[in-house]
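All chains should be built: construct the whole structure from the sequences, respecting the hints.
Order-wise, the sequence lines are chains A and B.
Under this note's numbering, think of the first position of the first sequence as 1, with each following residue one higher.
Under this note's numbering, think of the first position of the second sequence as 1, with each following residue one higher.
If you're looking for bench data, these hints aren't it; they were derived computationally from the structure.
Among the hints, erroneous ones may be present.
[As the list claims (entries may be wrong)] List time: in silico DSSO-like cross-link candidates among lysine-lysine, alpha-carbon distance up to 30 Å: (1) B:K88 / A:K131; (2) B:K73 / A:K13; (3) B:K25 / B:K73; (4) A:K135 / A:K63.
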Amino acid sequence: MLPEYYEFYNPVKINAGEQALETMAYELGLMGAKNPIIITDKGIVAAGLLKIVLNSFADSEIKINAIFEETPPDSSLEVVNQIVSLFYKNSCDSIIAIGGGSVIDTAKGVNIVVSEGTNDIRLFMGADRLKTPQKPLIVVPTTAGTGSEVTLVAVISDVQNNVKLPFTSNLLLPRLAILDPRMTMSLPAKITAATGMDALTHAVEAYTCLQKNPLSDAHAWMAIKLISENLLATVKNGSNKQTRFALANASMMAGAAFSNSMVGAVHAIGHACGAVAHVPHGVAMSILLPYVMEFNFDKLEQLYAELLLPLVGAEKYAKTFSSQRARASIAYIRDLKAQLYEAAALPVTLSQAGIKKEQFEMISNKAIDDGAILPNPKEVTKQDILQILENAF
Amino acid sequence: MTNLFTTLSNGFSPVSLLTKKAVVKTGFFALGRVLEYLSYADESIKAEHENWPEGYKFYMKVLPKGPSLSMEKKGEKMVFLGTKELDKADMVVEVKNIDTAFKMITAQLGAHHVYAQHKIGVIGNVSDSMKLIRMIYAAEDYMFPPVMSKNVLKNVEDFSVQRLIKRFRVLIFGLVLKK
Ligand SMILES: [Fe+2]
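Below is the structure:
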């Protein structure tokens, strides 16, 4: 069924596959840029990934004017401002982000400041506050999960005031995303598992939440198929280029899906678990996904039944009675969690992730005020959240 | 009722635009009054704005030219300030066009759909806007008969005599007598 009204926007060019990195110099030229700043983190440098990127510019007219290697796991205002001065001091004209969610969010934050010519990024907080076309931003994701390379969101921490500042604007979308199989090869098994489950959650929530639409459905559907076919195999054998590349594609497509149709209660509760108990985002997603699916079951049975096809493939789908398919989808995800626990010690319950029951009250208070609660197709009360937490404990 | 609204919402003649603006303005007026009453008479709504500081102001504006629904926290309650936008506010909710506002105020479109369809934007704190949306939900639940509120609310409470009495109290005290 089509929605009464929807919007879908994804102008990011995707260059994906073998030697994708080597197309960057040419693409920068098309954007009128010559002197990018590279934003990355220590892990990327240690894994030798920065070197691969730098080598891809050999024999090109691009001159990298500055490199920032110290992005912390949580992007913050201080770091953004530090990089901004580096950008100005070295007369940079564009940005290349190499990393996971934090590096990409930091790069988007830097882009807001240098493009809007402001000294206070907070003025642009909220939805649609950006007014100026941004400088060319190229994103090279090194994890397969957040999908930030194709989302219009950035979250920057204001450490002093202990708040997270959200920015959403179509202008924040990067110009180009590079999916190069070399870039996700060194991701450790546990992070591969967690980020993969984050991507799966993006796709499942995009497919089932209020603003699902034909375009987000298509992206979500393919993302789910690629994740179910490749996640476990990649966690067990990280050196398989093809399955790694499949996950990078899945993460990007799930990102495009949820950037347009939004996420729901899994994310609302997961964000709160992160804020209160510092549970890594992907871990929280993996734990909560089947429990929230159970909660939404009466409203979403039909859609969960449809998802069994990309989750298990045509043969198993056909062999499952139609009345059993929705339950089978949830069972499949539970089983996947169990296998990821075995293969990479990815926590299955909230207690395994270090959450204490005393934190439930605070988590539910935060979750109920999270923007992702609204697009959830079923009304969620504080009591409901407490029950979900209890079930997932 | 629905037919009348459907007729009103179709077409773009200047008359229907004026009519829509008038309906939205009246609706904001009613909603503002009811919210003010419930902000101290309904425990769950009271809890939502409990932590907002004295003088906390917000307005919900229909772009580009209004009307708006403006409120301010004074003592234990949220006071309705009228249908003009404020010079300064802690939170601004922008409804992107009059048609969306018209559908919201005539119970054809719920706040969660409007949000999911990217038809409202928030300047300010997201968690404050979630509190406001829950307050509006609760007010709409009182204002609209269940047959209408099922369009705007994800869950509609079951009929009960107690609830009916409460609804009349809200409409009489909030809307008519403005106690
Ligand atoms: Fe996520």
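Hint-by-hint comparison with the structure:
no.	hint	in the structure
1	B:K88 / A:K131	holds (21 Å)
2	B:K73 / A:K13	violated (47 Å)
3	B:K25 / B:K73	holds (21 Å)
4	A:K135 / A:K63	holds (16 Å)
Of the hints listed earlier, the one the structure fails to meet is number 2.
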